[in-house]
Amino acid sequence: MSLMEGKQYRGSLRKLKPEIYYLGEKIESVADHPAFIPHVNSAALTYDMALAPEFEELLTTTSHLTGEKINRYTHIHHSHDDLVKKVKMLRALGQQTGSCFQRCVGHDAMNAIYSVTYDIDQKMGTDYHKRFIEVLKEIQTKDLMVSGAMTDPKGDRRFPPSQQKDPDLYVHVVEKKSDGIVVSGAKMHITGAVNSHGHLVMPTTAMGKEDADYAVSFYVSIDAPGLIHVFGRQTNDTRKCDCMLDQGNVEYGMVGGEALVIFDKVFVPWKHVFMCGEYEFAYDLVERFATAHRQNYGGCKTGLADALIGATYALVQVQGTERASHVRDKLVEMVHLAETLYCCSIACSCQGIPLPAGNYMADPLLANVTKLNVTRYAYEIARLAQDLAGGVLATTPSERDWQHPKVGKYVDKYMKAVADVPAETRIRLIRLLEAMTCGTALAESMHGAGSPQAQKIMIERRANFERKKRLAEKLAKIGEQPRFVC
Amino acid sequence: MKYCGSCNPWVDLTRIARHLTQVAEQRKDFQLVPLSEDNVDAVVILCGCPRACGNKKEVRDKARQSLVTAGESINRRPIPEKDLPATVERELLKIVEQLKDSLSAGA
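Residue numbers (the working numbering), protein chains in the order written: chain A, 2 to 487; chain B, 422 to 528.
Looking at chain B on its own, in the form it has when it is part of the complex:
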C-alpha cells in the first residue's frame, strides 16, 4: 500500500488500510509488504482526493499491477466512502486470483 501523503484527505484512507490488513491476516494467500521490496505483485495506491498525488509512474512501476483509490473512487469508478474498503478488497482479490491462475498455468 502506498499513501498519497494525506495532506487533506476527503476519505479515511487508514480505514481501507486496516481492512486490507485484516483480510490479509484472515486469508493468508497474500501478504502486505513494503514497496521497497522486490517482486511486488500489486500496489494499492491510497489517495485522499481526486488529485491522486500518489498515483505516480514510479510508484506503479514498482509492482506488476496497481489499484488506485482517489477520494470516493477506485480506478476512476465512483464508489461511496462507506463501500471503499470492501470494494478495494474485491478488486484486490481479483488481482490475487489472476496471479494465482497465472502461477498455476506457469507450473
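Bound conformation, chain A alone:
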C-alpha cells in the first residue's frame, strides 16, 4: 500500500480497540470524539500532504529497504539532504496546522533504534537490527503512525531505576518467556499516543548493570492487552466540546496531545524486542533519539511561528496599529527569532554525521543548541504576539455572548476595531493567538524533546572546553606556542 490518505488513517484508527481514558470516561473512538478530533486531524495531515503534489518532495521519499515510495515519516535518513528535508517538511506542516502534528517522535525513535540495534548486534552478536528492519518494513508498507515512548515517570530522581522504591516507575522486564517478554511500568508525556497504531518504547536514561531489566526497547500495538492510556488535560481543552469559534484553531487544536501510557504486564513477542538487558547501549539510544528530536524544533516551531506572526500581523491591521514603529519593530523581531530557530535546525542537519548502520544523524551539539534556543525564543515570540494583541487577548467575551439575542449586538459593536473589518475577524484572530500562546503549547516548547537542563548537559559534554582553552592560550602566548591548535 505504502501511502495512506487521511481518511484511511482515521478508518484505521477505528479498527483498533485501545484502552483510553479521558476526563473519567473510557473513549470508544478517538477518530470520532470531539476532544481528540483536532489531534487526529493534525496527524491526518501528515498523510494528506504526502499526496499533494506541492508537498510530495518533502513528505515522501523512497524506501532504502523496499525501493517503494513511502511517507517520509517512515524513512531512515541516509544523507544530509534527508536531514534537511525532514526539517523543511516540519516547517511546511507547522504552517498548515498551527499545532503539533505528533508523528515526529516515532519517526525519531525509528531512526535511533535503527542505528543502536545495529551497534548492539555488532558487539553482542544479537539479531535486534534484523528484527527491527522487519517491523520497519511493516511500518513503511502500511504507512503506520508510531509513537516514540521514552520518558518514564522516574520517581525519585536521585536514584537509578533499580533503586526506586516502586520498581514500576521505569518500564522493565518482569518475565522472560520462550516466545517473548512481559513488561510493566509506564511512559509519560507520550505525544500522539492515543492516535498512533503502536508505540516504539525506549529506555530513558543511561543505565548500569543493576538496571539491566530496565534496558528494554520494543514495539507494541496500541491495543495490546494490558496497555492503558490516560490522556492529559490541556489549557481550555473542554472548549473542543462546547464551542467552535472560541477554540481558536478549530481544525487542528493547540498542542499534540500527550498521554500517560501504562504497561500492566504487557506481553511483547521476541520479534518485536530490540533491546533486552544490553544496558551499556541505553545511553546511546537516549542520545540519538534526543538528538533527532531536538533537531526538529527549528522546523516545526518555525512553521507555527509563521502562522502566529501572520495572526499577529493580521490583528494589528484590523486594530489599526500596524503603522506604529514599535509594532513593526516587534513583528520584525518575531521573524528574526523564528528564522534563528530555523537556522539552527538547518545547520544541525547540514552538519549531520553518518552512523555505522548507514543512516545519518543531525549534529548533536547543534541539535541541542536548536532546542535550547526554542525553549527561550518560543516564549519571546509568544510574548511579542501578546504584547501586540493587547489586553483583549485575555478578556474577549465568549462566542455565546457574541451570539446572544440581547448582548450580542453590543459585543459585536465594541469588539470591532477598524470600521470596515467585521468584529468576527478580530475575534477569530484573537482566539487563534490565544490558542497558540496561552498555555499548554508553550510548555510543550519548553519540555518537548527534553527540558532545558538536558540540552545544557549535552552541550557541556560536547563543548570541548580544553581545545577552546588551547586556542586562547596560543593567542595570549601562554606556555609553548604551536603553530596551529588542534
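Some hints could be false.
For each label pair, taking beta carbons as the anchor points, the in silico distance ranges come out as [said to hold, decoys possible]:
(1) A:V422 with B:K449: 42 to 50 Å
(2) B:R481 with A:G68: 21 to 29 Å
(3) B:K503 with A:H337: 26 to 34 Å
Just so you know, these hints were derived from the structure itself, not from any lab.
Please read all numbers here as calculations on a predicted model, not as lab measurements.
Backbone N, C-alpha and C define an ideal beta-carbon position, used for all residues, glycine too.
Go by the hints and put chain B onto chain A.
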C-alpha cells in the same frame, strides 16, 4: 510540473499549476503528464523561493527542456508574483511551438 516541496514558499505555486492545467484543457495541443513517464518534452519546475531546491539535474534530465520558477523569477528573470502564471504560460507555449516546429520539420 515538479514542485520543490513547498517548505516555505514566497509565492503561491499552486496558482501557477492551476493556470497551466486550465491552459492545457483549453488548448489541447499539450498535456500535463507525471514526470515518471517516458519522453517528457518539458518540465516546469515550480520552486517557492530563490533557493530553487527543485531545480536539480535529475529532474531536468527527465525532460528535453525545462522551465524554472524560483520565487518571483522565471529562468532567473525577475517576474512579479501576479504575473507568474501568465508568464510561465507564455514561456511554456514558446517551448510547445518549438517542439511542434521540430516535429513538422522531422515529418
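Tested hints:
1. One distance hint, 42 to 50 Å for the beta-carbon pair V422 (chain A) and K449 (chain B), holds here, with the actual separation near 44 Å.
2. For the pair R481 (chain B) and G68 (chain A), the beta carbons lie near 23 Å from each other, so the given range of 21 to 29 Å is met.
3. Distance hint check for K503 (chain B) and H337 (chain A): the Cβ-Cβ separation is about 28 Å, which falls inside the suggested range of 26 to 34 Å.
The structure meets every hint from the earlier list without exception.
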